[in-house]
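Trainee: Each chain, letter by letter, is given below.
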Amino acid sequence: MSLLSVENLRVAFPSDHGPVEVVKGLSFDLGRERLGIVGESGSGKSMTGRAVMGLIGKPARVTADRLEFEGQDLRALSERQFRRLRGARMSMVLQDPKFSLNPVIRIGEQIAEALEFHTGLTARQRRVKVLEALEAVRIDDPERVARLFPHEVSGGMGQRVMIAMMVVMEPALMIADEPTSALDVSVRGQVLDIMDDLVRRRGMGLMLISHDLNMVARWCDRILVMYQGRIVEELGAGQLGAAQHPYTRGLLASVPRIDEDRDRLPVLDRAALGACQ
Amino acid sequence: MILTRRLLPPVQFLLTVALTFLGLLAITFVIGRVVPIDPVIAVVGDRASKETYEATRLAMGLDDPLIVQFARYVGAVVQGDLGNSISTGRAVVDDLARVFPATLEMATIGILIGVVLGVPMGVWAAARQGSWLDQVIRVVGLAGYAIPAFWLGLVGLVLFYAKLRWVGGPGRIDLFLDGIVPVRTGLLLVDSLLAGDLDSFRSALSHIVLPASILGFFSLAYIARMTRSFMLEQLGQEFITTARVKGAPERVILWRHGFRPIRVQLLTVIGLSYAGLLEGSVMIETVFSWPGIGNYLTTALLNADMNAVLGATLVVGAVFVGINKGSDALYRLLDPRARA
Amino acid sequence: MITRDWLLSDDPETRLQARLGQAYRLARALARNPLAMVGLVVIVALLVMAALAPWIAPYSPLEGMLSNRLQPPSALHWMGTDELGRDIFSRVVHGSRITLMIVILVAVIAAPLGLIVGTVAGYYGGWVDKALMGVTDVFLSLPRLILALAFVAALGPGIENAVIAIAITAWPVYARIARAETLTFRHSEFIAAVRMQGASGLRVIGLHVIPLCMSSTIVRVTLDMAGIILTAAGLGFLGLGAQPPLPEWGAMISKGRAFILDQWWVATMPGFAIVVVSLGFCLFGDGLRDVLDPKQRTKG
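Protein chains in written order, with the working numbering: chain A, 15 to 291; chain B, 77 to 416; chain C, 4 to 303.
Think of the hints as simulated: they come from the structure by calculation, not from any bench. Just so you know, not all the hints are guaranteed correct.
Stated by the list, open to error - Just the calculated beta-carbon pair ranges, DEER-fashion:
1. C/Asp8 / A/Ser16: 49 to 55 Å
2. A/Gly203 / C/Asp13: 41 to 47 Å
3. C/Val51 / B/Ile117: 45 to 51 Å
4. B/Gln155 / C/Val44: 36 to 42 Å
Values in this document were obtained by computation on a predicted structure and should not be read as measured data. Yeah, the Cβ is synthetic: ideal placement off N, Cα and C, and Gly gets one too.
All chains, full assembly: derive it from the sequences and hints.
Mentor: And the structure:
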């Protein structure tokens, strides 16, 4: 059975000239696997993640023919029922720990929150779980880090804290929205490693949203390429070379390689892309 | 190195505080110089001979360079000498010490009303942006900017005192109870309770309710407006999304994630508002014949009693600056982000 | 000729077209905000009332009939009459001239002063900035009303001195805003370009920096109008602003205070005028800020 099943998902925002769709009829299934969603900014990939999490409120409108998570129809859930899923069964790692962690709450307390909302654990039991979660993201002295404020840790450490916060309830689905693009290049691999390890060991489904085609290809089993609110191509991880759609090919062509002798990197020919829409 | 880095900010801070006080003194000094009243004639009278005039002028140090005169002025103020009031005949410092508690009592009740009502109103308005509650708070906020305090005081007197008889009239206490309670703190509500005089307490309460509520209204308008805008800024932050991702209920999102980061900022706003109330009480005290520093100031103004005017300006200014800078310092101490 | 499309064109051919187009867009955005429009109506009404006061007012603002004193509001006297038998409505109408004059004078004195101090401090930086902003901060951290009171006390009561006192306490805010604005583009390329053409510092400030600080200053001045009106009325109320028999609204309230318990209208009516006009400036200023200065939308 698939974990998440999406059919004809649409997200529209009102504007002066009528509603504008940013996600235009997306359909896909996600099992206990690592699915990558790739696209440029504005392609609707982040909106897709947030729509699944039920985070898109007024004035936007989210519709779908089917939106099922673990056999539950997400469209029919009340806000209260949705809240019971969020943080417990599904979670999301956001882009930049500098902004996604509350600056005035200690790290330990922030991680303990999901436990507070979803379990009847005592403060002491929560504390044990928090330290375990910090250890699971390879933080050596969890006791000390739990007492720190977010601005007192580095970006890489912050993102590991964020991951700890999102796996502490052992959810079935984790969405990671550009989890490394705000980090130093040197720690990106490490953070992805930790995430990958947790996802695999706990048998979670992962939706990795990114603009970085090569990174997604390295860490995911399957890739969806989005362009202007639509899925334009679906690829197995090893088949990047087999990409058909001109957008994907254009993206691949614009990535520099070490062993090349091109004078100039090609840019996307958007006029041609528009023509094949 | 570490020592200097930790010491430098507080030292710089104290320096700016000192400079601000010096600036305040400079302004009152300059105002005192601009006055068209000749200070020598004020002493010797306008029939004195030229020699007496010159001698007095010299004795008063008015021929010294301005900077020397300013230094002498600062020295006197630091020693608590603000000169004598020509209308009461007493030292201005003593006058001010006598009237200040009345102002403090009224402004304190005013700020309590403003905080207790204004903060929740602002938080709720931000949480329900665009709702009727938000609109009401918007209107209240605008009214706080558009209604003259002295006029609201008059209208309040007509309505709640003259017509409805809900509250006591002008003054701090009913006339027949005046002066019965022994002065200990100068705060009439406290003093009457200390003396166990419930009649006085009830009377004082009925007199303070209206002026304090009017001050409270203005502080409420300001605090609610600022709370709302701070909250809106926080609620748009990414960490609010994180909290929702964790499944946080609305109440936790508002008060823990939205409100906690603005607590310290709000403290500054409340400090500002409190200081503003001490200032705003000038108008309200005039309307309600409230024997506080504002009333003292306006009476002195009309009598051209410059020592009293400058003394009162200096004290209100110093309290204003003190509260401002104090809440600023508190901000640096309390906010974990500012401490870094 | 001037059509909607010409105004909204994305590539204007002349500077004039660009400017007119910009103004048209602003006006359209402003017109969509109903509260701002209410504010605009109030301001326009104030202007019309001030300009046509002698024709709008049914009676003289200064002369009344003692036999007719302290009459309640009626069809003959919409706002009643005061202690000298003067028609309060006529006095309120004429008072709009005084109010308008005060706010305009304060704005004309304080805004340019603040603009110059702020832009010079921001543009030159260094010790010039430190000195100017030091003075500004001292003024900013002092209580405005008390300061104005003390200045009037020294200068002597009267409308001109009230204007000066209010202006002295109003400029620091504009200096702060202008400096902040100047800092954002002080190192930008177009300023460097003008400088490389040999323009002097003062010329750069006058022709390039100040115009760019205008919109935020205008917004701030509009928002401050209400405060200026209230302070002026307060000074009038304390007997330090406009002197009788001038029909200044604050002074009128002060006079009416003696009759407040029995003839409530004498003190109350001018107050309504103050509230309506202040509210008008507040609403319009709010709307203007949303349009001209979207960054500030959520603040204050």
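Trainee: A separate judgement is required for each hint: does it hold in the structure or not?
Mentor: How the hints compare with the structure:
no., hint, in the structure
1, C/Asp8 / A/Ser16: 49 to 55 Å, "holds, 52 Å"
2, A/Gly203 / C/Asp13: 41 to 47 Å, "holds, 45 Å"
3, C/Val51 / B/Ile117: 45 to 51 Å, "holds, 50 Å"
4, B/Gln155 / C/Val44: 36 to 42 Å, "violated, 57 Å"
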